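A.B. asks: As a plain string of letters, each chain reads:
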Amino acid sequence: METDEFILNMGPVHPSTHGVLRFKLRMDGEIIKDCQVVLGYLHRGTEKLAEMKTYLQFIPYTDRLDYISAMPNNYAYVKAVEELAGTEVPLRAEYIRVLAMELNRIVNHLVFMGSLLLDLGASTMIMYGFREREKALQLFEMLCGARMTFSYFRIGGVREDLPEGFIPKLNEFMNDMEKRITDYEDLINGNEIFLMRMKNIGVISAEEAINYGMTGPSLRGSGVNYDIRKMEPYSIYPDLDFKACVYPECDSYARYMVRVDEMRESLHILRQIVDTIPESNVIATQKYGVAPMTGMPYTAQTYFPRIFTPPAGEVYSRIEAPKGELGFYVVSDGTTKPYRVKIRSPSFCNLTAIPKMVVGLKIPDLIAAFGTIDVVLGDVDR
Amino acid sequence: MNGAEELKQSLPSSVISTGMQINKPLAVIKKEDILPVASKVKEMDFDQLSVITGIDYQDRFEVIYNFFSYRKKENLVLKVILDHDSPAVDSLTSLWKGADWLERETYDLVGIKFTGHPNLTRILLPEGWQGHPLRKDYDMDTEQFVTIGEDGEDIVSTDGSKLLRRK
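Those sequence lines, one after another, are chains A and B.
Residue numbers are given in the numbering used here: position 241 of the first sequence equals residue 241, and the series is strictly consecutive.
Residue numbers are given in the numbering used here: position 105 of the second sequence equals residue 105, and the series is strictly consecutive.
What the hints contain is simulated information worked out from the structure, not anything from laboratory work.
Fair warning: there could be bad hints in the mix.
[To be verified] With a Cα cut of at most 30 Å, we get these calculated DSSO-like pairs of lysine-lysine:
1. A:K24 / A:K135
2. B:K113 / A:K53
3. A:K356 / B:K72
4. B:K113 / A:K230
5. A:K337 / B:K79
6. B:K97 / A:K24
7. A:K135 / A:K53
[What the hints assert, rightly or not] If you want the ones that stay clear, here's a sample from chain B, every Cβ over 12 Å from chain A, calculated:
8. Q21
9. K40
10. L134
11. T158
Predicted, not measured: the structure shown is a model, and the values here were computed from it.
Quick reminder that beta carbons are idealized off the backbone N, C-alpha and C, glycines included.
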């Protein structure tokens, strides 16, 4: 039978594009022949804004890149500036940072599971995911007063110490979460429809995934044992016991399973932190600090100057964010404002591979494959 | 021996200087030789092109490539220096497919041309946008309005007269 090809626009406003993103699909009947991704609907010029803010003022803007997991965003930026300035961060502050980041990783993967299953037509998981996420968000609220846009990290440490009663509540959350992950697995992993929609869909081989610049759980789903926390250890990760979760199947199901396993690993990391967190300041004092007034608590405000000038230089610093490699290229010219900030966002680089994955598949498969890449459009468009 | 030194030994005529950038080996490359150098870098097992950064220094442009080797667990930074009037450098899309969007973004926001790129169009900003925002001389006082045309194309105007709803 003779068929005509036609162009189909999916998005910019579509429930399964997780924000404002447009796929321009060339279709032959139900088969995708070509896929073009149109971006930029959420572009806010974050990199330009960075050039007009002081180093401290830019921290809240990093929250708004990947707003599902803002703690790692904060960390990637302050880590870059700290490397530039050679700031030594107190050990307790590093423990609190890793605690916050791993908790955020669980939150991110809960939202991932919820939205993926919702895209596939199962609405139970998003209710479960958001129920547990709410408890984690309450923990974040105790920590810094905000639920999503934290701005909790400061150059040289964190803003405040752990509040009273935080650790018991965290323990409660972890005990609960351990059972919940098993529940999710019982609910989802053996489901026939889920397996048919995920297995052998959106296949990308390890070489191709590397060539396309994919990172994070999406790359580990292609069997590449690559985790920056292991490869280029930063913060306190060398002292912690955890493993990088790798699945060699290269399909959507593998990418999903990596994230489920990562939630368990994150819980394992959190337990170690709760057991071993040392006592010390939570903000660096050695270089830029002024002597504390007697009886004053150690806070970011008393120690860290608002106007802060790192020495001139350039640095590229990267971390393992929940979505992949998040890097900040910061150029300082020795003034109070950065000369240039370049954000290497994991969502943007992972999204590059989508056309490769979906050509030859059908539109519902595009939705399934796109869901397992786990992008946030604030992070893609910046 | 780090990656930058190794590169200098095998391609001495293409490498201008080597050094360290905080803790990563850095090599400054002649801009004409970026393609042969990059394929050599790929042979040296630096299989990940992490990020491409373009910087406007007002008298010159710099393009910085960050590489990582999964097997050797090493970093390598390459830098090319371009003149300010017509910044152009060869595209790496033939070696890394991930370079496609990174180069388009650098073109869009900094205005560096990547010769040999298969589809060098704007990626974050709409087609027809005036200026490249991350240049230091970008005019931030002129407002630009974007609306959508009959066939879904973006229409950019500075006076807002072509907007569908806003008059």
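A.B. asks: Could you run down the list of hints and mark each one as holding or not?
C.D. replies: Outcome of the hint check:
1. Distance check on the hinted pair: A:K24 and A:K135 sit about 39 Å apart at the alpha-carbon level, beyond 30 Å; violated.
2. A C-alpha spacing of about 28 Å is found between B:K113 and A:K53, which places the hinted pair at or below 30 Å, so the restraint holds.
3. At roughly 28 Å between alpha-carbon atoms, A:K356 and B:K72 fall within 30 Å of each other, so this suggested pair holds.
4. As the CA atoms of B:K113 and A:K230 are separated by approximately 36 Å, the hinted pair breaks the 30 Å bound.
5. Taken as a hint, the A:K337 and B:K79 pair is honoured in the structure, with Cα atoms around 23 Å apart against an allowance of 30 Å.
6. Taking the CA atoms of B:K97 and A:K24, the gap is near 19 Å; set against the 30 Å cutoff, the hint holds.
7. Of the pairs offered as hints, the one joining A:K135 and A:K53 is violated, with about 34 Å between alpha carbons and a cut-off of 30 Å exceeded.
8. Interface exclusion of B:Q21 from chain A breaks down, the closest Cβ pair being 6 Å apart, not more than 12 Å.
9. Annotated as non-interface, B:K40 keeps its C-beta farther than 12 Å from every C-beta of chain A; the closest such distance is 17 Å.
10. With a cut of 12 Å on Cβ distances, B:L134 falls inside the contact zone with chain A, its closest approach being about 6 Å.
11. No Cβ of chain A approaches the Cβ of B:T158 within 12 Å, the least distance being about 17 Å, so the stated non-interface status holds.
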